[in-house]
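Peer 1: Under mature numbering (1 follows the signal peptide of the UniProt record, and there is no 0), the residues of the sequence shown are numbered -23 to -1, 1 to 199, in order.
Wrong hints could be hidden among the right ones.
Across the chosen pairs, the derived CB separations fall in these ranges [claimed, not checked]:
hint : residue 1 : residue 2 : range
1    : D182      : L48       : 32 to 38 Å
2    : D71       : M137      : 34 to 40 Å
3    : T115      : G181      : 18 to 24 Å
4    : P110      : F146      : 16 to 22 Å
5    : G183      : Y119      : 18 to 24 Å
6    : E131      : F86       : 16 to 22 Å
7    : D66       : V37       : 20 to 26 Å
8    : G183      : R90       : 36 to 42 Å
9    : T115      : A57       : 31 to 37 Å
10   : G186      : P95       : 23 to 29 Å
11   : A57       : L22       : 22 to 28 Å
12   : Y119      : V37       : 29 to 35 Å
Once the Cα atoms are required to be at most 25 Å apart in a straight line, the calculated DSS-like pairs of lysine-lysine come out as [what the hints assert, rightly or not]:
hint : residue 1 : residue 2
13   : K162      : K73
14   : K178      : K81
15   : K162      : K132
16   : K69       : K178
17   : K73       : K178
18   : K47       : K73
19   : K81       : K47
20   : K47       : K69
21   : K47       : K65
22   : K47       : K178
None of these hints come from the bench; they were simulated from the model. We put the beta carbon where it would ideally sit given N, CA and C, even for glycine.
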Amino acid sequence: MMRRRTAYLAIGALAAMASAAAAAELGTVKQPDGTIAPPTDWIGLEVSPSFFATSTGGHVAGHYDDTSVKLNYAHRFDGAFALGGSLKDDIKQDGKHQFYAETKGGYRFDFGRFSLTPSASLGVTWNDTGFGPSGDATTAYYAFYLAGDLALSEKLIWTMFDLRYRDAFDYVWVTPEVTTGLTYKMTEADRVYGNASYSWKGTGDGLHGDTYGFALGVQHGF
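Go ahead and model the full structure; you've got the sequences and the hints to work with.
Peer 2: Put into C-alpha coordinates, the structure is as follows:
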(Lines of atoms letter the chains of each structure in order from A and count residues from 1; the text may use other names and numbers.)
(Lines give C-alpha, C1' and ligand atoms only; values in the text may rest on other atoms or scores of the structure.)
Protein backbone atom coordinates (compact mmCIF):
# COMPACT_ATOMS: atom_id res chain seq x y z
CA MET A 1 0.00 0.00 0.00
CA MET A 2 2.83 2.42 0.88
CA ARG A 3 4.54 1.62 -2.41
CA ARG A 4 1.40 2.31 -4.43
CA ARG A 5 0.65 5.58 -2.65
CA THR A 6 4.19 6.83 -3.15
CA ALA A 7 4.15 5.81 -6.81
CA TYR A 8 0.86 7.61 -7.42
CA LEU A 9 2.15 10.75 -5.67
CA ALA A 10 5.36 10.75 -7.70
CA ILE A 11 3.61 10.24 -11.04
CA GLY A 12 0.90 12.78 -10.18
CA ALA A 13 3.45 15.43 -9.26
CA LEU A 14 5.38 14.79 -12.48
CA ALA A 15 2.21 15.15 -14.54
CA ALA A 16 1.35 18.43 -12.83
CA MET A 17 4.81 19.86 -13.42
CA ALA A 18 4.82 18.73 -17.05
CA SER A 19 1.50 20.54 -17.56
CA ALA A 20 2.93 23.69 -16.01
CA ALA A 21 5.96 23.55 -18.29
CA ALA A 22 3.79 23.06 -21.37
CA ALA A 23 1.62 26.03 -20.41
CA ALA A 24 4.57 28.37 -19.85
CA GLU A 25 5.92 30.58 -22.66
CA LEU A 26 9.48 29.62 -23.57
CA GLY A 27 12.08 32.36 -23.68
CA THR A 28 13.53 35.10 -21.51
CA VAL A 29 11.48 37.75 -19.69
CA LYS A 30 12.47 41.41 -19.30
CA GLN A 31 12.11 43.17 -15.95
CA PRO A 32 10.74 46.76 -15.66
CA ASP A 33 14.30 48.17 -15.72
CA GLY A 34 15.00 46.42 -19.02
CA THR A 35 17.30 43.72 -17.65
CA ILE A 36 16.70 40.04 -18.35
CA ALA A 37 15.06 38.20 -15.46
CA PRO A 38 16.81 34.98 -14.43
CA PRO A 39 14.86 31.91 -15.60
CA THR A 40 12.61 30.32 -12.99
CA ASP A 41 11.86 27.14 -14.94
CA TRP A 42 14.33 24.70 -16.47
CA ILE A 43 13.95 21.73 -18.80
CA GLY A 44 16.78 19.39 -19.66
CA LEU A 45 17.94 16.29 -21.50
CA GLU A 46 20.79 14.04 -20.35
CA VAL A 47 22.47 10.97 -21.87
CA SER A 48 24.71 8.83 -19.67
CA PRO A 49 26.48 5.54 -20.49
CA SER A 50 27.69 3.47 -17.52
CA PHE A 51 30.15 0.63 -17.02
CA PHE A 52 30.60 -2.07 -14.40
CA ALA A 53 32.91 -0.97 -11.59
CA THR A 54 33.78 -4.44 -10.28
CA SER A 55 33.90 -8.00 -11.57
CA THR A 56 31.35 -10.56 -10.39
CA GLY A 57 30.11 -13.90 -11.66
CA GLY A 58 27.85 -12.11 -14.13
CA HIS A 59 30.06 -9.36 -15.54
CA VAL A 60 33.60 -7.97 -15.81
CA ALA A 61 34.82 -4.63 -14.49
CA GLY A 62 35.03 -2.02 -17.24
CA HIS A 63 32.48 -3.70 -19.49
CA TYR A 64 29.47 -1.74 -20.72
CA ASP A 65 26.37 -1.84 -18.50
CA ASP A 66 23.67 0.47 -19.88
CA THR A 67 22.81 3.91 -21.23
CA SER A 68 20.40 6.24 -19.46
CA VAL A 69 18.30 8.89 -21.18
CA LYS A 70 16.73 11.37 -18.76
CA LEU A 71 14.26 14.23 -19.19
CA ASN A 72 13.96 16.66 -16.29
CA TYR A 73 12.07 19.77 -15.26
CA ALA A 74 12.55 22.12 -12.30
CA HIS A 75 10.89 25.30 -11.03
CA ARG A 76 12.73 27.69 -8.71
CA PHE A 77 10.27 29.57 -6.50
CA ASP A 78 12.32 32.31 -4.82
CA GLY A 79 15.81 31.82 -6.10
CA ALA A 80 16.60 29.27 -3.40
CA PHE A 81 13.82 26.66 -3.15
CA ALA A 82 13.26 24.40 -6.16
CA LEU A 83 10.82 21.62 -6.98
CA GLY A 84 11.18 19.35 -9.98
CA GLY A 85 10.95 15.91 -11.44
CA SER A 86 12.48 13.57 -13.99
CA LEU A 87 11.68 10.63 -16.23
CA LYS A 88 14.52 8.22 -17.02
CA ASP A 89 14.94 5.21 -19.29
CA ASP A 90 17.83 2.83 -18.56
CA ILE A 91 18.53 0.98 -21.82
CA LYS A 92 20.41 -2.15 -20.82
CA GLN A 93 22.95 -4.12 -22.83
CA ASP A 94 20.43 -6.89 -23.51
CA GLY A 95 17.92 -4.39 -24.90
CA LYS A 96 15.64 -4.40 -21.85
CA HIS A 97 14.45 -1.18 -20.21
CA GLN A 98 14.15 -0.01 -16.62
CA PHE A 99 12.09 3.16 -16.14
CA TYR A 100 12.18 5.74 -13.35
CA ALA A 101 9.86 8.61 -12.40
CA GLU A 102 11.08 10.89 -9.61
CA THR A 103 10.04 14.12 -7.89
CA LYS A 104 12.61 16.21 -6.05
CA GLY A 105 12.65 19.24 -3.79
CA GLY A 106 15.70 21.14 -2.55
CA TYR A 107 16.94 24.40 -1.03
CA ARG A 108 20.11 26.19 -2.11
CA PHE A 109 22.28 27.96 0.46
CA ASP A 110 24.57 30.58 -1.10
CA PHE A 111 27.97 31.45 0.38
CA GLY A 112 29.35 33.84 -2.19
CA ARG A 113 30.78 31.84 -5.10
CA PHE A 114 30.03 28.54 -3.33
CA SER A 115 26.57 27.07 -2.83
CA LEU A 116 25.31 24.03 -0.95
CA THR A 117 22.05 22.32 -1.94
CA PRO A 118 20.47 19.55 0.15
CA SER A 119 17.43 17.88 -1.42
CA ALA A 120 15.12 14.89 -1.07
CA SER A 121 13.09 12.89 -3.57
CA LEU A 122 10.44 10.23 -3.97
CA GLY A 123 10.31 7.98 -7.00
CA VAL A 124 9.10 4.78 -8.57
CA THR A 125 10.91 2.33 -10.87
CA TRP A 126 9.33 -0.36 -13.03
CA ASN A 127 9.83 -2.89 -15.83
CA ASP A 128 13.26 -4.64 -15.77
CA THR A 129 14.03 -3.68 -12.16
CA GLY A 130 15.61 -6.89 -10.87
CA PHE A 131 13.10 -6.93 -8.00
CA GLY A 132 10.69 -9.74 -7.21
CA PRO A 133 10.61 -13.38 -8.36
CA SER A 134 10.48 -12.48 -12.05
CA GLY A 135 12.81 -9.47 -11.84
CA ASP A 136 10.25 -6.94 -13.03
CA ALA A 137 8.44 -5.87 -9.85
CA THR A 138 7.54 -2.19 -9.52
CA THR A 139 8.82 -0.48 -6.39
CA ALA A 140 8.86 2.99 -4.87
CA TYR A 141 12.01 4.51 -3.43
CA TYR A 142 13.36 7.57 -1.64
CA ALA A 143 16.64 9.44 -1.96
CA PHE A 144 18.62 12.23 -0.30
CA TYR A 145 21.14 14.44 -2.10
CA LEU A 146 23.78 17.00 -1.16
CA ALA A 147 25.45 19.08 -3.88
CA GLY A 148 28.28 21.58 -3.58
CA ASP A 149 28.86 24.00 -6.48
CA LEU A 150 31.65 26.53 -6.99
CA ALA A 151 31.42 29.33 -9.56
CA LEU A 152 34.81 29.41 -11.28
CA SER A 153 33.71 32.35 -13.44
CA GLU A 154 30.52 33.97 -14.70
CA LYS A 155 30.25 31.20 -17.30
CA LEU A 156 31.74 28.10 -15.65
CA ILE A 157 30.43 26.21 -12.59
CA TRP A 158 32.20 23.29 -10.97
CA THR A 159 29.98 20.80 -9.20
CA MET A 160 32.60 19.75 -6.66
CA PHE A 161 30.38 16.94 -5.39
CA ASP A 162 26.82 15.68 -5.67
CA LEU A 163 26.19 12.94 -3.12
CA ARG A 164 23.22 10.56 -3.18
CA TYR A 165 21.80 8.04 -0.73
CA ARG A 166 18.92 5.96 -2.16
CA ASP A 167 16.90 2.96 -0.97
CA ALA A 168 13.61 1.26 -1.84
CA PHE A 169 10.60 1.01 0.45
CA ASP A 170 9.85 -2.67 -0.17
CA TYR A 171 13.30 -4.07 -0.99
CA VAL A 172 16.90 -3.65 0.19
CA TRP A 173 18.35 -1.36 -2.49
CA VAL A 174 21.02 0.81 -0.89
CA THR A 175 22.57 2.67 -3.83
CA PRO A 176 24.81 5.61 -2.85
CA GLU A 177 26.50 7.62 -5.58
CA VAL A 178 29.04 10.44 -5.88
CA THR A 179 29.19 12.76 -8.91
CA THR A 180 31.41 15.64 -10.00
CA GLY A 181 31.25 17.75 -13.14
CA LEU A 182 31.32 21.10 -14.97
CA THR A 183 28.51 23.31 -16.29
CA TYR A 184 29.02 25.98 -18.95
CA LYS A 185 26.55 28.85 -19.32
CA MET A 186 26.23 29.59 -23.03
CA THR A 187 23.58 32.24 -22.30
CA GLU A 188 21.48 33.20 -19.30
CA ALA A 189 18.95 30.58 -20.41
CA ASP A 190 21.06 27.84 -22.02
CA ARG A 191 23.60 25.53 -20.41
CA VAL A 192 25.60 22.44 -21.26
CA TYR A 193 27.24 20.16 -18.73
CA GLY A 194 29.27 17.02 -18.31
CA ASN A 195 29.95 14.89 -15.26
CA ALA A 196 31.43 11.65 -14.00
CA SER A 197 29.91 9.41 -11.33
CA TYR A 198 30.60 6.31 -9.26
CA SER A 199 27.92 4.26 -7.50
CA TRP A 200 27.74 1.45 -4.99
CA LYS A 201 25.00 -1.12 -4.40
CA GLY A 202 23.85 -3.13 -1.41
CA THR A 203 20.99 -5.62 -1.67
CA GLY A 204 21.51 -7.43 1.62
CA ASP A 205 24.96 -8.91 1.00
CA GLY A 206 26.99 -5.82 1.85
CA LEU A 207 27.88 -2.69 -0.09
CA HIS A 208 30.09 -3.07 -3.17
CA GLY A 209 31.14 -1.00 -6.17
CA ASP A 210 28.44 -1.10 -8.83
CA THR A 211 29.01 1.20 -11.82
CA TYR A 212 30.81 4.30 -13.01
CA GLY A 213 29.47 6.55 -15.71
CA PHE A 214 29.77 9.74 -17.72
CA ALA A 215 26.96 12.12 -18.61
CA LEU A 216 26.39 14.91 -21.11
CA GLY A 217 23.38 17.17 -20.81
CA VAL A 218 21.72 20.37 -21.98
CA GLN A 219 19.38 22.70 -20.08
CA HIS A 220 17.08 25.51 -21.20
CA GLY A 221 15.56 28.07 -18.85
CA PHE A 222 12.42 30.12 -19.34
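Peer 1: Does each hint hold? Answer for all of them.
Peer 2: Hint-by-hint comparison with the structure:
no., hint, result
1, D182 to L48: 32 to 38 Å, "holds (33 Å)"
2, D71 to M137: 34 to 40 Å, "holds (36 Å)"
3, T115 to G181: 18 to 24 Å, "holds (19 Å)"
4, P110 to F146: 16 to 22 Å, "holds (18 Å)"
5, G183 to Y119: 18 to 24 Å, "holds (21 Å)"
6, E131 to F86: 16 to 22 Å, "holds (20 Å)"
7, D66 to V37: 20 to 26 Å, "holds (25 Å)"
8, G183 to R90: 36 to 42 Å, "holds (39 Å)"
9, T115 to A57: 31 to 37 Å, "holds (34 Å)"
10, G186 to P95: 23 to 29 Å, "holds (25 Å)"
11, A57 to L22: 22 to 28 Å, "holds (25 Å)"
12, Y119 to V37: 29 to 35 Å, "holds (32 Å)"
13, K162 to K73, "violated (35 Å)"
14, K178 to K81, "holds (21 Å)"
15, K162 to K132, "holds (5 Å)"
16, K69 to K178, "holds (17 Å)"
17, K73 to K178, "holds (20 Å)"
18, K47 to K73, "holds (16 Å)"
19, K81 to K47, "holds (14 Å)"
20, K47 to K69, "holds (14 Å)"
21, K47 to K65, "holds (4 Å)"
22, K47 to K178, "holds (21 Å)"
Violated hint for the displayed structure: number 13, the only one.
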